[in-house]
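Enquirer: So the protein sequences, as listed, match chains A and B.
Each residue of the first sequence is one higher than the last, beginning at 1 in the numbering used here.
Each residue of the second sequence is one higher than the last, beginning at 1 in the numbering used here.
None of these hints come from the bench; they were simulated from the model.
No copy labels: a pair is met if it fits in one copy or bridges any two.
Below 16 angstroms or equal to it, Euclidean Cα-Cα: the simulated EDC-like pairs (lysine to aspartate or glutamate) are:
{"hint": "1", "residue 1": "Lys226", "residue 2": "Asp36"}
{"hint": "2", "residue 1": "Lys226", "residue 2": "Glu256"}
{"hint": "3", "residue 1": "Lys60", "residue 2": "Asp96"}
{"hint": "4", "residue 1": "Lys78", "residue 2": "Glu111"}
{"hint": "5", "residue 1": "Lys355", "residue 2": "Asp276"}
{"hint": "6", "residue 1": "Lys30", "residue 2": "Glu4"}
{"hint": "7", "residue 1": "Lys358", "residue 2": "Asp276"}
{"hint": "8", "residue 1": "Lys91", "residue 2": "Asp117"}
{"hint": "9", "residue 1": "Lys212", "residue 2": "Asp127"}
{"hint": "10", "residue 1": "Lys226", "residue 2": "Asp42"}
{"hint": "11", "residue 1": "Lys226", "residue 2": "Glu69"}
{"hint": "12", "residue 1": "Lys60", "residue 2": "Asp31"}
{"hint": "13", "residue 1": "Lys190", "residue 2": "Glu165"}
{"hint": "14", "residue 1": "Lys417", "residue 2": "Glu219"}
{"hint": "15", "residue 1": "Lys78", "residue 2": "Glu47"}
Listed below, chain by chain, are the residues.
Number of protein chains: 2
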Amino acid sequence: MQFELTKEFIDELIGFIANDQETEAFKLIKDLHPADIAEIYDEIDIEEARFLHVMLDGEKAADVLVELEEDDRERFLKVLPSQTIAEFIDKLDSDDAADVIGEFSEEKQEEVLSFIDNLEQAGDIVDLLNYDENSAGGLMAKELITVNENWSITTCLKEMRKQAENVDEVYYVYVIDDNKVLKGTLSLKKLLLTPTNTKIKNIINEDVTAVKADTPSEEVAHIMDKYDLVALPVVDALNRLIGRITIDDVVDVIREEAERDYQLVSGITQDVESTDSAWILTRARIPWLFIGLFGGILAALIMGNYELELGLFPQMAFFIPLIAAMGGNVGVQSSSIIVQALASNSMGFESIGRKLIKELGVATLNGIVLSMVIFGYNFIFSDSFALTITVSTALFTVIIFASMFGTFVPLILDKFKIDPALATGPFITTVNDIMGLFIYLMIGKMFFTFF
Amino acid sequence: MQFELTKEFIDELIGFIANDQETEAFKLIKDLHPADIAEIYDEIDIEEARFLHVMLDGEKAADVLVELEEDDRERFLKVLPSQTIAEFIDKLDSDDAADVIGEFSEEKQEEVLSFIDNLEQAGDIVDLLNYDENSAGGLMAKELITVNENWSITTCLKEMRKQAENVDEVYYVYVIDDNKVLKGTLSLKKLLLTPTNTKIKNIINEDVTAVKADTPSEEVAHIMDKYDLVALPVVDALNRLIGRITIDDVVDVIREEAERDYQLVSGITQDVESTDSAWILTRARIPWLFIGLFGGILAALIMGNYELELGLFPQMAFFIPLIAAMGGNVGVQSSSIIVQALASNSMGFESIGRKLIKELGVATLNGIVLSMVIFGYNFIFSDSFALTITVSTALFTVIIFASMFGTFVPLILDKFKIDPALATGPFITTVNDIMGLFIYLMIGKMFFTFF
Numbered sequence: 001m002q003f004e005l006t007k008e009f010i011d012e013l014i015g016f017i018a019n020d021q022e023t024e025a026f027k028l029i030k031d032l033h034p035a036d037i038a039e040i041y042d043e044i045d046i047e048e049a050r051f052l053h054v055m056l057d058g059e060k061a062a063d064v065l066v067e068l069e070e071d072d073r074e075r076f077l078k079v080l081p082s083q084t085i086a087e088f089i090d091k092l093d094s095d096d097a098a099d100v101i102g103e104f105s106e107e108k109q110e111e112v113l114s115f116i117d118n119l120e121q122a123g124d125i126v127d128l129l130n131y132d133e134n135s136a137g138g139l140m141a142k143e144l145i146t147v148n149e150n151w152s153i154t155t156c157l158k159e160m161r162k163q164a165e166n167v168d169e170v171y172y173v174y175v176i177d178d179n180k181v182l183k184g185t186l187s188l189k190k191l192l193l194t195p196t197n198t199k200i201k202n203i204i205n206e207d208v209t210a211v212k213a214d215t216p217s218e219e220v221a222h223i224m225d226k227y228d229l230v231a232l233p234v235v236d237a238l239n240r241l242i243g244r245i246t247i248d249d250v251v252d253v254i255r256e257e258a259e260r261d262y263q264l265v266s267g268i269t270q271d272v273e274s275t276d277s278a279w280i281l282t283r284a285r286i287p288w289l290f291i292g293l294f295g296g297i298l299a300a301l302i303m304g305n306y307e308l309e310l311g312l313f314p315q316m317a318f319f320i321p322l323i324a325a326m327g328g329n330v331g332v333q334s335s336s337i338i339v340q341a342l343a344s345n346s347m348g349f350e351s352i353g354r355k356l357i358k359e360l361g362v363a364t365l366n367g368i369v370l371s372m373v374i375f376g377y378n379f380i381f382s383d384s385f386a387l388t389i390t391v392s393t394a395l396f397t398v399i400i401f402a403s404m405f406g407t408f409v410p411l412i413l414d415k416f417k418i419d420p421a422l423a424t425g426p427f428i429t430t431v432n433d434i435m436g437l438f439i440y441l442m443i444g445k446m447f448f449t450f451f
Numbered sequence: 001m002q003f004e005l006t007k008e009f010i011d012e013l014i015g016f017i018a019n020d021q022e023t024e025a026f027k028l029i030k031d032l033h034p035a036d037i038a039e040i041y042d043e044i045d046i047e048e049a050r051f052l053h054v055m056l057d058g059e060k061a062a063d064v065l066v067e068l069e070e071d072d073r074e075r076f077l078k079v080l081p082s083q084t085i086a087e088f089i090d091k092l093d094s095d096d097a098a099d100v101i102g103e104f105s106e107e108k109q110e111e112v113l114s115f116i117d118n119l120e121q122a123g124d125i126v127d128l129l130n131y132d133e134n135s136a137g138g139l140m141a142k143e144l145i146t147v148n149e150n151w152s153i154t155t156c157l158k159e160m161r162k163q164a165e166n167v168d169e170v171y172y173v174y175v176i177d178d179n180k181v182l183k184g185t186l187s188l189k190k191l192l193l194t195p196t197n198t199k200i201k202n203i204i205n206e207d208v209t210a211v212k213a214d215t216p217s218e219e220v221a222h223i224m225d226k227y228d229l230v231a232l233p234v235v236d237a238l239n240r241l242i243g244r245i246t247i248d249d250v251v252d253v254i255r256e257e258a259e260r261d262y263q264l265v266s267g268i269t270q271d272v273e274s275t276d277s278a279w280i281l282t283r284a285r286i287p288w289l290f291i292g293l294f295g296g297i298l299a300a301l302i303m304g305n306y307e308l309e310l311g312l313f314p315q316m317a318f319f320i321p322l323i324a325a326m327g328g329n330v331g332v333q334s335s336s337i338i339v340q341a342l343a344s345n346s347m348g349f350e351s352i353g354r355k356l357i358k359e360l361g362v363a364t365l366n367g368i369v370l371s372m373v374i375f376g377y378n379f380i381f382s383d384s385f386a387l388t389i390t391v392s393t394a395l396f397t398v399i400i401f402a403s404m405f406g407t408f409v410p411l412i413l414d415k416f417k418i419d420p421a422l423a424t425g426p427f428i429t430t431v432n433d434i435m436g437l438f439i440y441l442m443i444g445k446m447f448f449t450f451f
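The shape of chain A in the complex, shown without the other chains (with noise of 0.2 angstroms):
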């Protein structure tokens, strides 16, 4: 029943275009689900894409074009007259409508709406432009069936069959007063099972949650995982109904903004796939290592001034790597346990200071298990007792720099609103990198005089 890609698949398909065979290539894929064609089209060239797409009937053709990423769409599109682009728009959802619009220049955008016949359409897709792409406004389509309370029924459902057809999914209908609005939902369960002289008024669900347009993306998507929401309406400033939210664009929200998370966490500074090219990857990896390269020439610095006493102690050398890795992991740590709270908004009502005692305690727990391990190491197997003193204190004391380090990062980014993500990963390894590498020299300098 699912369709799955195969290599076998696409080396068939690619022949039947290369050898001009249309109608053998047209019934490989014209059973198959606009997702499966999109995903098709991201294995061939563009040409060969193409060729296929015009085969598409208007709306399926339209529907790939939703399902195709970002950057391989606006190639895509690059070549079509904006009358054909135009021709795809209207046949789309309101919200996708404006999402792929919204991807052009001012100027084509313009030039696009003129030629969408339907004003209805053309009007949606300026009014969803205006709202900020990571806001509901920017989530939500205007397609909604909507009744008014004073209705029976019969005439909702009269209604609702003059509505439906242009709205692909009916989770809930939803009902409005005279002034537009919002007063509650109606399931279609409800519609369904209750006798149709009913007025409307009495099988509303008053309990309705609705978010504001400039409610932002991620809480939206929090508020429909909570309440394990398919739908949820958007209103205006004066509670009027303006759009609703479907769960799939919320799903989409919550895995670009975990994959966002862990690119960051991983020290890569854009969204990209292992698909991309080389150059595309490069420039997405090469910040975070320029930081790290930096990192290491102030190590080097720093180690220069030491350079009388790791002379004398070359010894201490060996345990650098050591002290900085620690120093790295343990400060990751802490701030992606932060930046997920954070995230997941489940961060309770410790304040900071609590959140940094209970850090604290945590890493004085590690901080004497590994330093105890450390210490029995090197009393057995070195001959100084001066460096093993130094090697344990240091872990000890870089353990808990380092955890204190990537609490508070995160917690003050966050506090002057920015995204606390942007401090983990590379940025809190190189600052503990350099902390523990400065921490462990003045320690070792302190107890090589002493013992």
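Take the given structure of chain A and dock chain B to it, following the hints.
Expert: Chain B alone, transformed into the frame defined by chain A:
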């Protein structure tokens, strides 16, 4: 319209509870959504939560339990008699009921099941307990509305009225034949808008995606996300309909999976939250720190072998942090891109060989740029040409090695059906630290003998 939990609210509530003001406390929570009440429980003591819980009506009390975190629920239910637990379980959807009961010991499971009056519910739960938690069977609920393909819409509506009582949300009606084999779906929209004497057969949507009960959760999530489904039917080996999965459960799967991958790349081994106790947080973090510690000891041993060289050219030690950090950063970048591609099923048809060649291109680009920078730096600021050439050559080599290793390891783990996310974070960092050090010292020995 939407509840926001504040410190003031909690303080007021705790005040009422402390003074045994049941009515006042109940008034505060009675209109809240179960998810909100669960959030409140998270902020108050377990005894205070129990004080509130007994006042909730049965259905809501049961729903609140489902919304609690697994470990909180366990503590909450521990002191309750099996009979009371059975009353809650009886009111839940079968999938939630199975999840809750699945957390008990087998003995306790049997005891609770024996108290469930509704034998159909008890039977459904026992069925569901047989499935792996991380499979379609583990996600599905048994409650669904099925109609026979030979019925008319009128019969269908009559039957639905009977069945719908047990089903919270109806998105689709499933159509089966006389052998219970899934034939298709019927959208409520279509049902509402078609004349009632039509046969189901004629308006059925046969193009339905279904999964087998043993399909892994990740694949279920991938399918529902890709095809924008809000509900997915589950069938047995004979294509007989046995349950359905709803999108809200899949959103949880997607979120939990992302959180897990994030924690793994950050070096955290179990699912923890910032609100967990210091003890749990320590246990989740110390395993990777031990690996880092042993890596550090290994690094110290390797450097011990080069003690002579390091004594002669102490400046070489200065760039050890740089080399180690860059190896770690590059390795994590490479592995995270592969892990994400594997997780989102977007690997394309490039062979492992092609992936490695592209990664080689990225690494070469990054390597050339960064080595040139460090070459320039040392050329200007260092008086040793041997050092200048050693650091830049080693950096280039380490970047190439780390990116190959970071790409290769997750791909190999995936080939052997081991979760590739295990290879991210501290593992890749530690191995690359050590290998980087080794490469650096070898190259250094070579060049310092030459120049």
